[in-house]
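Protein chains in written order, with the numbering used here: chain H, 1 to 142; chain S, 143 to 554.
Hints are computed from structural coordinates only; laboratory data are not their basis.
One should not assume that every hint holds.
[Stated by the list, open to error] Quick look at which bits of chain H chain S covers, simulated, 3 or more residues with Cβ under 8 Å: (1) 16-25; (2) 40-53; (3) 56-70.
[Said to hold, decoys possible] On the chain H side, residues computed to face chain S include the following (Cβ under 8 Å): (4) 11; (5) 36; (6) 73.
Each residue gets a CB set at the ideal place from its N, CA and C atoms; glycine is no exception.
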Amino acid sequence: MAYSEKVIDHYDNPRNVGNFGTTAEVKADKNVGVGVVGAPECGDVMQLQIKVNPETRVIEDAKFKCFGCGSAIASSSLATEWIKNQTIDEAAKLRNTQIVEELALPPVKIHCSVLAEDSIKAAIRDYKVKNGIAVEEAAHSH
Amino acid sequence: MPIKLPIYFDNAATTRCDPRVVEAMLPCFTERFGNPGSRNHRFGWEAEEAVDIARGQVADLIGASPKEIVFTSGSTEANNLAIKGAAEMYAKKPEGETGRGHIITAIHEHKAVIDPVKRLEKRGFDVTWLTPGADGLITAEMVSRAMREDTILCTIMWANNEIGTINEVPQIGKIVRAAGAVMHTDATQWVGKMPTNVTDDEIDLLSLSGHKIYGPKGVGALYVRRRKPRIRLVAQTEGGGQERGYRSGTLNVPGIVGLGMACELCGKEMDSERERLLKLRKKLETALAGSIEVTQVNGHAEKRLPHLTNISFGFVEGEGLMMAVKNIACSSGSACTSASLEPSYVLKALGVGDELAHSSLRLSLGRFNTEEEVDYAIDNIREAVEKLRLLSPLYDMHKEGIDISRIEWSTH
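Using the sequences and the accompanying hints, generate a full structural model.
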């Protein structure tokens with residue numbers, strides 16, 4: 001199975017790798033939301049952190065780390081690019097199918113895009129909980 | 143000498159055909175193209191002679207007599223013939239009944255053994271599925287404990303295809319044969335690499351394959367013991383009665399000639415090749431597992447094939463790692479390439495955690511690999527592991543002292 005050029009590009013030059021501090025620092029920062037999804041035994045763990053402007057609710061920066069295959073790394077890298085400068089409400093609307101299309105993921109790799117979508121949702125949820133914003137129950141489950 | 147990329151380190155999957163093998167095969171396509179079954183003309187006689195020579199070459203490699211070699215399309219067919227053929231021949235009760243006889247095998251065999259045995263289980267045979275220890279080995283003691291009054295067949299691979307561990311086949315064969323049951327071994331990864339003598343090693347049935355030993359694909363053989371005792375099988379492919387009725391079908395003469403030559407070359411070069419490859423493998427293991435933190439070589443430390451290593455690199459996913467070392471062709475126990483998301487069942491059988499099973503690379507060396515290639519691979523893999531660990535949230539957690547196994551993950 002060959003990877004698409006876009007997957008290879010994100011894999012070779014991943015965008016926005018990193019985090020906004022240690023686990024404890026990030027936990028204490030009200031402006032940062034963290035989403036960690038997946039599990040090591042499934043072969044994929046994605047961690048997405050968003051830094052949100054408290055006035056505008058715009059995601060000013062996003063960082064990711066990923067344990068997974070090339071498609072998983074590319075999906076999370078792409079997700080950070082897309083959600084930057086979006087409000088949290090806009091970012092929440094991102095669907096995994098958009099990632100599948102952009103990266104030309106084959107059916108066996110669709111779960112990578114689902115994880116990326118889930119990591120965005122989880123990070124937004126974490127931010128909302130930290131800031132006392134009402135959280136709607138997740139409509140998407142699998 | 144500059145090395146040629148990509149490097150092939152997947153010799154346990156298949157090997158490059160040795161040019162000397164190809165040379166031996168070529169006349170069989172255009173000049174000596176006859177059917178060995180044609181008894182009445184020169185073309186048939188020539189083909190028969192070529193097959194006879196090959197039969198002798200294969201027999202010599204494993205200490206058998208030529209009449210004990212049955213050519214097949216490969217190890218999968220040889221395993222099917224051996225397992226189903228022996229079970230049906232030595233069944234205690236007729237088809238349709240239960241309690242037809244007891245079979246011993248292991249859970250980390252190749253699928254070409256597991257699936258035929260599962261089929262027999264459905265057809266009224268009882269099966270003991272042995273679980274290896276953490277070192278991956280099946281020992282004579284495990285088999286001894288599993289033996290029953292009605293045991294008719296034991297099938298244990300000689301060396302494992304994913305981790306290269308070597309089972310106690312001669313000792314197992316001794317127990318099984320002394321009890322009057324049939325001993326089969328899938329020796330696909332063993333034969334041609336390690337010295338083999340079917341009599342000293344207490345084997346009744348042995349499967350081997352051409353393309354794992356620098357021969358062509360689509361050809362293999364089953365050794366079927368003829369003396370002390372004479373083993374009989376129920377044929378699984380019926381027709382023209384070739385191969386003493388055990389395997390009908392026009393013989394694949396070019397393939398058989400290639401297999402014969404491959405066996406002869408392996409016999410000649412085995413001793414020096416084993417030493418050379420063992421040195422290279424140890425170099426790889428020392429440089430990778432020995433110097434990168436949180437890595438492990440899977441399987442028994444000593445009782446392993448000289449040319450194969452399976453290493454888990456913690457916090458790095460196997461398929462992602464293979465993508466980073468795209469100039470090295472190898473394989474991974476990671477499930478990401480399969481639809482099931484299940485990591486390698488062989489590594490799981492050893493009790494390797496799912497996370498480390500997803501993090502494994504299998505590197506298998508062969509005749510055409512050089513020390514320069516090993517050096518290149520060491521640097522390349524080391525860099526890739528470093529790069530991917532910088533990307534890995536699990537590595538961050540490890541550095542912060544968080545125990546990954548105690549986190550409640552949201553499984554999907």
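### Task
Please name the hints from earlier in the document that this structure breaks, with their numbers sorted from lowest to highest.
none
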